[in-house]
Amino acid sequence: TPAGTWVPRPAPLALGNFAALRQLPVLGDLFSITRGEECGKRDRSVRDAPGEHRYPLLRGEDVTAYATRHAGLWLDRSELGTRAKSPALYAAPKLLVRRVANNLVAAIERDGCHVLNTLYVLRPRTAVMPSLEYACALLNAPAVNACFRAMWLNDDQLFPYLRIEQLRALPFALPAEATARQAVEVVGQLEASLAAGEQAAAAALQEQLAALVVESYQRAMELARATTL
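Quick note: the numbering used here has the sequence shown finishing at residue 229, numbered continuously throughout.
Read the hints as simulated data drawn from the structure, not as lab findings.
Computed from a predicted model, the values in this text were never measured in an experiment.
The C-beta atom is built at its ideal place from N, Cα and C for all residues, glycine as well.
Treat the hints with caution; some may be incorrect.
[As the list claims (entries may be wrong)] Derived lysine to any residue pairs resembling SDA-like cross-links, with alpha carbons at most 20 Å apart:
1. Lys41 / Leu80
2. Lys85 / Arg35
3. Lys85 / Leu73
4. Lys85 / Arg44
5. Lys41 / Gly60
6. Lys41 / Pro93
7. Lys85 / Tyr55
8. Lys85 / Gln23
9. Lys85 / Arg54
10. Lys41 / Thr68
11. Lys85 / Arg125
12. Lys41 / Tyr55
13. Lys85 / Ala143
14. Lys41 / Ala71
15. Lys85 / Asn117
16. Lys41 / His70
17. Lys41 / Ala101
18. Lys41 / Lys85
19. Lys85 / Arg110
20. Lys85 / Thr64
21. Lys41 / Thr64
22. Lys85 / Cys39
23. Lys41 / Arg77
24. Lys41 / Gly81
25. Lys85 / Ile33
26. Lys41 / Arg59
27. Lys85 / Ile164
28. Lys41 / Arg54
29. Lys41 / Glu79
30. Lys41 / Ala19
[As the list claims (entries may be wrong)] Simulated restraints, written as ranges between beta carbons of each label pair:
31. Pro87 / Glu198: 26 to 36 Å
32. Ala49 / Arg83: 16 to 26 Å
33. Pro87 / Gln218: 38 to 48 Å
34. Arg181 / Asp43: 36 to 46 Å
35. Gln218 / Gly188: 23 to 33 Å
36. Ala49 / Arg225: 51 to 61 Å
37. Val26 / Ala211: 16 to 26 Å
38. Ala204 / His53: 40 to 50 Å
39. Gly51 / Gln23: 14 to 24 Å
40. Arg219 / Pro50: 40 to 50 Å
Whenever a hint applies, use it, and build me the whole structure from the sequences.
Now the structure itself:
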């Protein structure tokens, strides 16, 4: 299968000491991860106009880093029948991650759209989990993407499917309280900049978030190393 083209690498060098990374919680411990509706975009349930039993629909290509775009497609749940997943899965807000991409690509979906199986839906397992904003920043961060590529080699550049078990296994640095608050604020600013087409401002905000994530990993790994001494 396309997903089988990913093979594990021995140890990532990105983000520092691998032994310390292994002491961190993983994404799957903190968030449930579920694929969207198990149908293709040409399925009869996918329509190009609203109507009864129809919900706004996102595909993988409708998600970019920190942004979603509704392209005018709708999911008719009555056509899915028993195949349909629970509507609760799609309640807003939720974190989406593209399933077909050369990098981790994540965005917060705030309108309650349904999604196809080319997207993963992430939800915090408890109310005290890190915010969606911080998790979104972490998944989009260049350093985390470098770590992911070091952990998993993908030799299929045409259809680079991300397997759910790979996403679950990603080491996750829990943020300090101040960092978590800052991530919520900056992601909100970034979403507004992207919506307004302010690319220079958006790029600066993404760099700020990337630095916050690296700082969180450095802090988390220092704590992990201290506990193993």
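Now for the hints, and whether the structure bears them out:
1. With a CA separation close to 13 Å, the supplied pair lysine 41 and leucine 80 stays within the 20 Å bound.
2. This hinted pair checks out: lysine 85 and arginine 35 have alpha carbons roughly 10 Å apart, not beyond 20 Å.
3. Under the criterion of a C-alpha separation no larger than 20 Å, the hint pairing lysine 85 with leucine 73 is consistent with the structure, at around 18 Å.
4. Proximity of lysine 85 to arginine 44 is assessed by CA-CA distance (about 16 Å); at most 20 Å being required, the pair is judged to hold.
5. Simply put, lysine 41 and glycine 60 have alpha-carbon atoms about 10 Å apart, close enough for the 20 Å limit, and the pair holds.
6. Proposed proximity of lysine 41 and proline 93 is contradicted: the alpha carbons are some 23 Å apart, above 20 Å.
7. Taking the CA atoms of lysine 85 and tyrosine 55, the gap is near 13 Å; set against the 20 Å cutoff, the hint holds.
8. A hinted pair counts as satisfied when its Cα atoms are at most 20 Å apart, and lysine 85 with glutamine 23 does not qualify at roughly 34 Å.
9. For the hint pairing lysine 85 with arginine 54, the CA-to-CA distance comes to about 14 Å; that is within 20 Å, so the pair holds.
10. Using a Cα cut-off of 20 Å, the hinted pair lysine 41 and threonine 68 holds, with the two alpha carbons roughly 17 Å apart.
11. For the hint pairing lysine 85 with arginine 125, the CA-to-CA distance comes to about 18 Å; that is within 20 Å, so the pair holds.
12. For the given pair, lysine 41 sits about 14 Å from tyrosine 55 by alpha-carbon distance, which is consistent with the 20 Å threshold.
13. Simply put, lysine 85 and alanine 143 have alpha-carbon atoms about 34 Å apart, too far for the 20 Å limit, and the pair is violated.
14. At roughly 12 Å between alpha-carbon atoms, lysine 41 and alanine 71 fall within 20 Å of each other, so this suggested pair holds.
15. At roughly 11 Å between alpha-carbon atoms, lysine 85 and asparagine 117 fall within 20 Å of each other, so this suggested pair holds.
16. The hinted pair formed by lysine 41 and histidine 70 meets the criterion: a straight-line CA distance of about 14 Å does not exceed 20 Å.
17. For the hint pairing lysine 41 with alanine 101, the CA-to-CA distance comes to about 17 Å; that is within 20 Å, so the pair holds.
18. At roughly 16 Å between alpha-carbon atoms, lysine 41 and lysine 85 fall within 20 Å of each other, so this suggested pair holds.
19. Of the supplied pair hints, the one linking lysine 85 and arginine 110 holds, its CA atoms being roughly 19 Å apart against a limit of 20 Å.
20. A distance of roughly 24 Å separates the Cα atoms of lysine 85 and threonine 64; the hinted pair therefore is violated under the 20 Å criterion.
21. Annotation: proposed proximity of lysine 41 to threonine 64 holds, straight-line Cα distance about 18 Å (limit 20 Å).
22. Between lysine 85 and cysteine 39 the CA atoms are separated by roughly 11 Å; this keeps the pair inside 20 Å, and the hint holds.
23. At roughly 14 Å between alpha-carbon atoms, lysine 41 and arginine 77 fall within 20 Å of each other, so this suggested pair holds.
24. Note on lysine 41 and glycine 81: the hinted pairing holds, with a Cα-Cα distance of about 16 Å set against a maximum of 20 Å.
25. A hinted pair counts as satisfied when its Cα atoms are at most 20 Å apart, and lysine 85 with isoleucine 33 qualifies at roughly 13 Å.
26. Distance hint between lysine 41 and arginine 59 is fulfilled; the C-alpha atoms sit about 8 Å from each other, no more than 20 Å.
27. With a CA separation close to 17 Å, the supplied pair lysine 85 and isoleucine 164 stays within the 20 Å bound.
28. With a CA separation close to 14 Å, the supplied pair lysine 41 and arginine 54 stays within the 20 Å bound.
29. Taken as a hint, the lysine 41 and glutamate 79 pair is honoured in the structure, with Cα atoms around 13 Å apart against an allowance of 20 Å.
30. Between lysine 41 and alanine 19, the direct Cα distance comes to roughly 42 Å. Violation of the 20 Å bound is thereby established for this hinted pair.
31. In this structure the supplied range 26 to 36 Å holds for proline 87 paired with glutamate 198, their Cβ-Cβ distance being about 34 Å.
32. For alanine 49 and arginine 83, the hinted distance range of 16 to 26 Å is satisfied, since their beta carbons lie about 21 Å from each other.
33. The beta-carbon spacing between proline 87 and glutamine 218, approximately 40 Å, falls within the hinted interval of 38 to 48 Å.
34. Our hint of 36 to 46 Å for arginine 181 and aspartate 43 holds, since their Cβ atoms are close to 42 Å apart.
35. Here the CB-CB span from glutamine 218 to glycine 188 is close to 25 Å, well matched to the stated 23 to 33 Å.
36. Judged by the Cβ atoms, the range 51 to 61 Å given for alanine 49 and arginine 225 holds: they are separated by roughly 57 Å.
37. In this structure, valine 26 and alanine 211 meet the distance hint of 16 to 26 Å, their C-beta atoms being roughly 23 Å apart.
38. Our hint of 40 to 50 Å for alanine 204 and histidine 53 holds, since their Cβ atoms are close to 43 Å apart.
39. Taking 14 to 24 Å as the suggested C-beta distance range, the pair glycine 51 and glutamine 23 does not conform, at roughly 51 Å.
40. Arginine 219 and proline 50 have their C-beta atoms about 47 Å apart, which keeps the hinted 40 to 50 Å range intact.
The earlier numbered hints that this structure contradicts are 6, 8, 13, 20, 30, 39.
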